[in-house]
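S.K.: Sequence:
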Amino acid sequence: MDTKLELLTQIAHGIATHFGNNCEVVIHDIRKEDIDSSIVYIENGQVSNRKLGDGPSEIVLETLKKNPDLLKDRLSYLTRTDDGRILKSSTMYIRGKNNTIDYILALNYDITGLLTIDNSLKSLLSTSETEDDEKQPKRITHNVNDLLDALIEQSVALVGKPVALMSKDDKVAAIQYLNDAGAFLVTKSGDKVSNYFGISKFTLYSYMDTNKEK
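To convert a position in the sequence shown, counted from 1, into my numbering, add 1.
Bear in mind the hints are in silico, worked out from the structure with no lab data behind them. Don't take every hint at face value.
[To be verified] Only pairs whose alpha carbons sit at most 30 Å apart, straight line, appear in this in silico DSSO-like list of lysine-lysine:
(1) Lys-189 - Lys-169
(2) Lys-66 - Lys-89
(3) Lys-189 - Lys-172
(4) Lys-202 - Lys-33
(5) Lys-52 - Lys-89
(6) Lys-5 - Lys-89
(7) Lys-67 - Lys-98
(8) Lys-193 - Lys-169
(9) Lys-193 - Lys-52
(10) Lys-139 - Lys-66
(11) Lys-169 - Lys-73
(12) Lys-33 - Lys-66
(13) Lys-33 - Lys-193
(14) Lys-98 - Lys-162
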């Protein structure tokens, strides 16, 4: 274990102990060649049902795709688990030489019970008849296959119609979304995406090249 990771694990343990069992603390190693097992440390993994050696989140893929100089810590946003619990999350980028991202330190605090209390209070105190819908929190995935499935679902939702009704432009838009999200960093993702959208691998790469030209 290198010195930086050793320090991070010490901090992660302290945070998890301080905030208790509802606070999951995760460290992703961005330098690993095998991103399928990016989690190198986790405490209170029961919060998201993840474990040591599990795969990356969407933010990890985004990190690998983007210029490190443009990345900023994301603090206090909502995510959700497979079983519907809501988490308050924060993501911090741990940098190395030349400002590269070496690790991601993520906090996920289960606020489901607190939201139940909050909603009860809002119902009692609110005088407004309508409220704007909040943006739906993204699902926390356990492995790259689940993550790829979630990204494909989001690409279809973005287009707003099932694959059977999609035009070429619709599929190009969906594949652009997947490319921007880092989906094609996942091993053999091209095969799965091609099969899902009913196109050949050649067509898939053609659509990706079309987006680059634009």
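S.K.: Check each numbered hint from earlier against the structure, then list the numbers of those it violates in ascending order.
M.R.: The structure breaks hints 11, 14; every other hint is satisfied.
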